[in-house]
Amino acid sequence: MKPIGSVHDIPLGEGRTFAIDGRMIAVFRLRDGSVRALSAVCPHKGGPLADGQIDLKQVVCPLHLYAWDLSTGCSLSGQEPVTSFPVRIDDDQLFVEV
Amino acid sequence: MRQRLVVIGNGMAGARTVEEILARNGDFDITMFGDEPYGNYNRIMLSNVLAGIEDESGIFLNDLSWYAENGVTLHTGVRINRIDRYARMVYGSDGSATGYDKLVIATGSSAFVPPIKGAHVPGRGYHQGVFVFRTLDDTRAMIRYAREHSRAVVIGGGLLGLEAARGLQNHLGHVTLVHAAGHLMNTQLNAAAGRTLQTTIEQKLGIDVVVNGMTTEILGKHAVAGVKLADGTVIDCDVVVVAAGIRPNTEVAAVSGLVVERGIVVDDYMRAQDEEDIYVVGECAQHRGQVYGLVAPLWEQAKVLATNVCAPNVSAPNVSPTNVGGPNVGGTNVSGPNVSETNVGATYHGSQVATKLKVAGVDVASMGLSAPERDDDELLEFAEPKRGIYKNVIVRDGRLVGATLVGDNGKALALIKAFEKGLPLPDNRAELLFDLGGPATEESVADMPDDEQVCNCNGVSKGDLKACVDGGCKTVSGCMDATRAGKGCGTCKPLVQRIVEWANGGSVEEDPAASYYVPGVPMPKSELMAAIRQHELKSVSSVFATLGGDEDAKSKMGLASLLKMMWGADYIDERDARFINDRVHANIQRDGTFSVVPQMKGGVTTPADLKRIAEVAERHGVPMVKLTGGQRIDLLGIPKEKLPQVWADLDMPSGYAYAKSFRTVKTCVGSDFCRFGVGDSTALGIALEERYQGIEGPGKMKLAVTGCPRNCAEAYVKDLGVVAIDGGKWELYVGGAAGAHVRKGDLLATVSSPEEVIVLTGRFLQYYRESGNWLERTYAWVPRVGIEHIRAVVVDDAEGKAAALDAAMDAAVGAYKDPWKERAEPATPGQFRTSLPLTVLPQVPVRA
Ligand SMILES: Cc1cc2nc3c(=O)[nH]c(=O)nc-3n(C[C@H](O)[C@H](O)[C@H](O)COP(=O)(O)OP(=O)(O)OC[C@H]3O[C@@H](n4cnc5c(N)ncnc54)[C@H](O)[C@@H]3O)c2cc1C
Ligand code: HEM
Ligand code: SF4
Ligand code: FES
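Sequence order for the protein chains is A and B. If you read the first sequence in full-length UniProt numbering, its first letter stands for residue 1, the second for the next number, and so on. If you read the second sequence in full-length UniProt numbering, its first letter stands for residue 1, the second for the next number, and so on.
Incorrect hints may have been included.
[To be verified] Covered stretches of chain B (chain A as the covering partner; in silico rule of three or more C-beta atoms under 8 Å from a C-beta of chain A):
| id | stretch |
| --- | --- |
| 1 | 60-70 |
| 2 | 223-232 |
| 3 | 540-551 |
| 4 | 787-798 |
Everything labelled a hint here was simulated from the structure, so no lab data went into it. These numbers come from a predicted model, not from an experiment. The C-beta atom is built at its ideal place from N, Cα and C for all residues, glycine as well.
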């Protein structure tokens, strides 16, 4: 697991992109306080997933509004899946495993 | 080792078979190969997608996560080219070789294209502009192309052709249907019924129909220019859709040595002829000489197949040595060649199929024979061509063997049931065709067996519906969404309704979902607003917590807009409720960069402002500078992290070109300069924009003011357009549009001063903000609510609401803050941090 910064770098209910080992990973902070990490690039047409709106289950890509499951990375609208990464919070620090 | 089950074809039959196997706890490692790049979707709904009734995302039956959750390995986009029956391997187009213990072939059919000259371009597949209608990709391509063209010819007047023709009307202006036989739907209908249908199609839908029309050639070298018929007639068109039938996909079976006639020949156990471990299901299967082209038979086939493949003792008598000892063999039953006969439980005996046309407003149902065949077949026939009605039933030995309904499907459900089950018929045969009053002959749903299929299109049983209600779904449309019952041809909807009512203990909750303001909170707008006021809910999260249950990403933006309108400065602004555009006050582009449109009131600017914009564009290397349709200047391709700097350098207010809000006021030069101008349109436009800038609403609000009825500012097609007329008067038009939807606005009022225009504009916009549904533009809202009603409220103050509307608008105007001032300090951590991939995808071409 790699430290990527403070959980407070991500506003509640939003996502931010982090570059980790040359990969772009979108980390989301859900309104229940938990975090999720997905590959940052929308498999549909390359949209920035971190700019999407989320709830406790899904992220909706800002470009064409297709949705992906935040936990599994599976598409909820028949698209290709995105990779999901293990992520956890330890003492307000975010750790992602790539 | 677990047995390996491989499925070729990931369509409706293949995926359904796997579901049935999983439901029987079949212990297999399952691998599926599908030629198409998707999970399994409901092919029959492509007609509804084309017709714009159903959204693409709504037709998926098994999305990719379903496969993962059920441990099924799916290879999409991989075609199986060959089966080695001896080595038990399948070979894929990706070079893969996969071993199996049991194999299921579910390759479906492909569109059949008759040999028509010009349909194909040598070496390049279909002529561009020529389409078939079988897959999601076909449908997408057809829609994309049709939108940019104007006249279509559909070749083939069967079910598919009729549905294609109707769907195409949704995208282009003129559709002609060319049918080779003497009447429409000639496989299902007799001539009288076909002619009645033709009249309805022509008169009610406005589709031209040509029968006895043999298409011989598609004209046009680069683009389609027309089709030519055998009699020399030429029909001009720029799109051709071929819906002339289907052919089972049997190549892979044939090259692999299976018995293939019209389809892949199967026995009653759904096994390929003479094969112990290869099963076939769906449209590619030929059973007792019959090949089906509808979904209902495949539900039954899938059940039979799954039962047999899961039966523990059914193994091939000639089990290869390596397999003996596996958990599924080792039994005592591996003996003579008849073993499967005695051990296989389930057999398939063929299906009786009924069909229905899925064209809104045109009822056609048909089953079995279309005309009597034997001397003693009874025929009852009723025709009323003026009203587009034709019905018949054919009875043999007291059983229904055929029925046709055109123009009135009232009896369809009862007839389909009598036909499929061979039920006894009423002595008074007329009751088959008409409701004659008297006690309802409807079978009580309580007596139906649980496994009786209710929806044949989607294979949903009474038990499935009951389970759905027991699972907490109390509304008819909720159950329809969850089970997909009633979502195909729609014939079964009344029965679905009765079953849901019965399962609910007789009552059913009204189904309000369609009227919800946002999907995640179950209330229409007025009720939602009352609840928000009552509980004083000032943030989006508090609305979910109090009214909605689970937070829903797709509802946040609509709620944010509503709360802001209702609470103004007291609204608790949770940034995550905003769409990205509203978080960073700019419009996201296809490459993840943003566009910046500074305000330019009334489209009027100055040399100094232009210089500043030019300097900023140069300094930041803006990839494209473009004039918008709203009379201002767009700087496109600005990275998110540069937005605050660009705003600071521009030092101009936001033009709100990104929000669901008041956008612009287009003006013409009007009386200031124009020879014809009778009113000062620029001054009024600027005043309107000055006052209502940035006001948010359920949809965009685009305005215009034009200086005379020549209407250079296109005010007739705006959400609100103002036209100066002679005598110092102004006309206000509302509900116009000239985007994807074109509508001329309705005249709301004629007034005598710019001040009155400003007041009525504010009142109208406020009424729209309060009553319009989320994303409902004025062009939809005005006709829905009615211009008379709007005039009564806004102009005549018939409901005494005017003062409140004006006050609410005043408050909103007073709360205006230029969002581009929010730049010194980010509002949230990393507000302007890039979310883009390291390598910019997909690049928007930069113009010099
Ligand atoms: C527009 C439209 C409307 C329809 N409306 C109705 C209706 O109202 N009512 C009704 O009952 N029926 C309707 N149908 C017919 C219905 O869709 C079919 O009967 C049903 O889809 C058949 O299922 P299947 O699994 O046999 O074939 P399919 O659903 O076609 O699935 C076969 C799959 O196998 C794949 N495949 C083929 N060969 C290979 C290979 N070698 N390797 C890997 N994959 C392969 C194909 O790409 C396809 O995805 C309609 C069809 C269309 C096109
Ligand atoms: C994501 C999709 C869209 C984007 C990014 C977009 C963006 C824009 C922008 C930036 C402008 C200039 C507006 C201004 O100057 O304020 C504009 C104008 C316009 N847009 Fe869109 N738009 C989109 C979708 C649509 C849709 C769906 C329609 C039609 C229903 C539409 C119809 C128009 C029209 C008619 C104009 C001209 C406006 C005028 O003359 O006042 N746009 N669009
Ligand atoms: S307005 Fe937007 S969506 Fe429409 S064609 Fe232009 S860029 Fe595409
Ligand atoms: S790029 Fe993400 S939905 Fe299209």
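Right, here's what the structure says about each hint:
1. Coverage of a stretch by a chain is defined here by at least three residues with a beta carbon nearer than 8 Å to that chain's beta carbons; for the stretch 60-70 of chain B and chain A the count is 5, and the condition holds.
2. With 0 residues bearing a CB less than 8 Å from a CB of chain A, the stretch 223-232 of chain B misses the requirement of three and the coverage assertion fails.
3. Note: the stretch 540-551 of chain B has 3 residues with beta-carbon separation from chain A under 8 Å; the three-residue rule is met and the coverage holds.
4. With 0 residues carrying a beta carbon less than 8 Å from a beta carbon of chain A, the stretch 787-798 of chain B misses the three-residue requirement, and the given coverage is violated.
Hints 2 and 4 from the list above are not met by this structure, while the remaining hints are.
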